[in-house]
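These protein sequence lines map, in sequence, to chains W and H.
Straight run, no breaks: the first sequence in numbering that gives the first Met the number 0 ends on number 271.
Straight run, no breaks: the second sequence in numbering that gives the first Met the number 0 ends on number 401.
Derived from the structure by calculation, the hints contain no laboratory data.
One thing to keep in mind: the hints can contain errors.
Stated by the list, open to error - Derived pair list, reagent style PhoX-like, types lysine-lysine, alpha-carbon separation capped at 25 Å: (1) Lys-62/H with Lys-73/W; (2) Lys-360/H with Lys-73/W; (3) Lys-62/H with Lys-93/W; (4) Lys-62/H with Lys-242/W; (5) Lys-249/W with Lys-62/H; (6) Lys-175/H with Lys-123/W; (7) Lys-175/H with Lys-93/W; (8) Lys-126/W with Lys-62/H.
Unchecked claim - Under 8 Å between C-beta atoms, here's a sample of chain W residues computed to sit facing chain H: (9) Lys-123; (10) Lys-194; (11) Arg-198; (12) Asn-199.
Ideal Cβ positions, reconstructed from N, Cα and C, are used throughout, including at glycine.
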Amino acid sequence: MPFVKVIVKTIIVAQLGFLTLFGLTFNLAFAQTAEERGTEIAIAADQRDSGWKHITADMEMILRNRAGRESRRKITNRQLEVDGDGDKSLSLFKQPKDVAGTAMLTFSHGLVADDQWLFLPSIKRVKRISSKNKSGPFMGSEFAFEDLASQEIEKYTYKLLREEACGEGYQCYVIERIPQYESSAYKRQITWIDKDQYRNIKVEFYDRKDSLLKTLEMTGFKEYAGGYWRADRFEMTNHQTGKSTRLNWKNYDFESPLDDQDFSQNALKRLL
Amino acid sequence: MKTSIWLASPIAGFVLFLGAPIIVHGIEFGYTVEIEARGYTENAPNPARFDSNFAISIEPEFKHSFNGGDTLFTFTSFGRWDNNDDARQHIDIRELNVVHVAGNWETLAGLGKVFWGVAESNHLVDVINQTDFLEGIDGEDKLGQPMLRLSRAFDQSALTLFALPGFRERKFLSIKNPIALPCEVNNKPEYESDDGDNHVDYALRFSGYRGIVDYGFSWFHGTSRDPIFNCVSRRIPFYALIDQYGLEVQTTSGAWLWKLEAIRREFDHSTAADDFTAVVGGFEYSFYGMSDGLFDLGVLAEYHHDSRGNRATVVFQNDLFIGLRLGFNDAESSEVLAGAFIDRDDQTSSFRIEASRRTGKIFWADSRISLEAQAFSNVDPGNISFSLRHSDFVLLSLTLFF
Chain W
0 MPFVKVIVKT IIVAQLGFLT LFGLTFNLAF AQTAEERGTE IAIAADQRDS GWKHITADME
60 MILRNRAGRE SRRKITNRQL EVDGDGDKSL SLFKQPKDVA GTAMLTFSHG LVADDQWLFL
120 PSIKRVKRIS SKNKSGPFMG SEFAFEDLAS QEIEKYTYKL LREEACGEGY QCYVIERIPQ
180 YESSAYKRQI TWIDKDQYRN IKVEFYDRKD SLLKTLEMTG FKEYAGGYWR ADRFEMTNHQ
240 TGKSTRLNWK NYDFESPLDD QDFSQNALKR LL
Chain H
0 MKTSIWLASP IAGFVLFLGA PIIVHGIEFG YTVEIEARGY TENAPNPARF DSNFAISIEP
60 EFKHSFNGGD TLFTFTSFGR WDNNDDARQH IDIRELNVVH VAGNWETLAG LGKVFWGVAE
120 SNHLVDVINQ TDFLEGIDGE DKLGQPMLRL SRAFDQSALT LFALPGFRER KFLSIKNPIA
180 LPCEVNNKPE YESDDGDNHV DYALRFSGYR GIVDYGFSWF HGTSRDPIFN CVSRRIPFYA
240 LIDQYGLEVQ TTSGAWLWKL EAIRREFDHS TAADDFTAVV GGFEYSFYGM SDGLFDLGVL
300 AEYHHDSRGN RATVVFQNDL FIGLRLGFND AESSEVLAGA FIDRDDQTSS FRIEASRRTG
360 KIFWADSRIS LEAQAFSNVD PGNISFSLRH SDFVLLSLTL FF
């Protein structure tokens with residue numbers, strides 16, 4: 000990922016340099032476009048959240064239908080930051096119990112298709128699966144696979160729309176981002192990023208017909224070892240179906256070491 | 000109740016333990032209970048055969064991780080009561096092992112289960128565990144195999160060595176069962192090895208991935224898990240010594256999965272049986288988000304070949320499998336699998352459909368209900384599945400996960 004970041008940054012710096020030169024020559028005021036500013040903020044946010052190396056956390060997912068009926072899922076997650084590529088992640092399903100022990104290993108690669116394996120505990124089978132289903136719902140929830148995927152800079156183009164107050168008293172950049180990866184369900188997303196710590200506070204998802212489909216709101220931010228911020232609660236509301244899904248994050252651990260062998264096909268078979 | 004040598008007492012101990020599942024950090028205990036009712040839809044030609052059966056099974060599982068997660072102890076057992084088939088009444092240990100990880104090395108000692116392969120409709124290269132046909136005829140259920148396993152992981156691959164002391168013979172359904180073989184099987188099998196069922200088998204597998212390709216190469220030397228047996232000339236199952244070489248490849252690109260498995264089985268003594276080669280290969284293609292995201296549809300096709308042709312002792316010697324997989328995107332994870340096998344020599348066909356969905360809490364357990372049906376048509380008298388021609392059935396089961 001830093002490799003990609005370096006490229007993007009170089010392009011931006013080159014563009015800024017060019018524009019500055021241009022500005023000086025023609026005696027124009029500072030002429031950074033909304034796209035450049037948006038990209039710059041996205042890069043800054045990404046850099047703020049780089050260098051964590053490894054994380055484990057537990058996720059509780061509460062699905063709510065229009066009538067208010069709830070069902071729950073529990074998943075434990077581990078993530079490994081990879082230099083020069085997308086992150087590795089491993090999710091172990093705990094509940095509902097008919098899928099307990101099932102685990103998914105993902106090596107994300109930004110715009111290139113992710114490598115993904117599924118472990119089926121009843122027959123001890125590790126199976127390579129297609130990662131093309133970006134827009135499908137994750138475990139019947141309002142989160143699509145792409146909403147929970149590793150977020151690399153090159154997956155979107157950015158544009159700063161405005162700056163305004165948002166969330167629990169934050170000052171935010173409002174950035175429109177357009178997915179550049181294949182098979183996305185979205186025409187565009189609008190994200191609110193707080194100016195202070197560059198945290199994602201809110202995201203609006205617009206479907207292919209450009210109607211508002213879902214809103215995601217993050218609350219209960221905590222700072223963890225190394226100065227990394229994580230929200231305790233993600234609330235995703237689907238405006239078209241009236242369904243919603245809440246994620247409660249627990250037991251964030253940035254310190255217990257993990258390496259490549261914790262993200263291998265062998266590792267899938269020995270999880271608890 | 001017929002109890003195998005695989006320790007009855009720990010299971011009794013576990014049954015006493017049954018209560019709320021334990022989830023303490025580093026310890027997990029849970030159990031599943033399955034209730035099934037099966038009805039055979041045709042009148043059997045043999046009046047001694049039963050036309051329905053009812054069964055309850057239980058599978059407790061205990062896991063304990065220690066050494067900061069580097070060591071994992073697993074114990075899984077299984078027991079079933081069946082109202083009509085005594086052979087299906089049994090207790091077994093599926094897993095009783097310790098796995099230890101140290102850097103790139105992993106060791107496992109005890110009774111374990113191993114899966115090799117990529118294909119969906121038949122598992123050719125998967126040779127380590129004995130198949131348990133008492134649970135189902137799809138070959139997905141396995142008996143725990145005593146083993147010492149040593150694995151060295153590399154960047155994108157792993158080399159695994161197996162020493163397999165002790166052999167587990169195949170169990171057969173009682174003759175009253177419509178899906179059983181048409182003759183009584185002698186329960187004193189013969190072995191080619193002088194050590195009988197104590198011969199130590201060895202296996203080696205190198206597996207990994209590179210880009211879109213996942214691969215595995217394997218070699219097995221020891222007592223074949225498949226007995227040589229038939230109802231005409233050989234009613235005593237004979238377990239020969241074999242060398243088996245296996246190859247498995249899958250490519251995953253977009254929504255396409257292409258799969259190939261091949262084996263070469265060589266018998267140590269040519270008098271036992273003919274050496275042969277068998278292949279299964281095909282594809283799976285998925286349509287995602289059909290009908291406004293309501294479901295995903297997977298289409299599968301696999302071809303089976305066996306170099307022995309009509310002399311093959313297996314069903315799949317020149318057969319085609321077509322399958323559909325419907326996965327609904329609902330909170331109940333509703334699922335429908337449908338498949339058909341067609342013998343390209345004699346047009347013998349079999350069909351199978353499985354539908355299941357999550358059904359909420361029963362007591363404090365999560366539950367899932369499942370409906371399964373299987374039918375044969377056009378069965379040729381020369382086909383190995385001729386005895387199954389009147390064994391069409393419907394199976395309803397409810398599984399509780401405690």
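Now for the hints, and whether the structure bears them out:
1. Lys-62/H with Lys-73/W: Holds, at about 18 Å.
2. Lys-360/H with Lys-73/W: Since the Cα atoms of Lys-360/H and Lys-73/W sit roughly 15 Å apart, the hinted pair holds (cutoff 25 Å).
3. Lys-62/H with Lys-93/W: Holds, at roughly 13 Å.
4. Lys-62/H with Lys-242/W: 36 Å, violated
5. Lys-249/W with Lys-62/H: 22 Å, holds
6. Lys-175/H with Lys-123/W: 32 Å, violated
7. Lys-175/H with Lys-93/W: 40 Å, violated
8. Lys-126/W with Lys-62/H: 23 Å, holds
9. Lys-123: Nearest chain H Cβ about 5 Å off; hint holds.
10. Lys-194: 36 Å, violated
11. Arg-198: 30 Å, violated
12. Asn-199: With a closest approach of 25 Å, the Asn-199/W hint is violated.
Checked against the numbered hints above, the structure breaks hints 4, 6, 7, 10, 11 and 12 and satisfies the rest.
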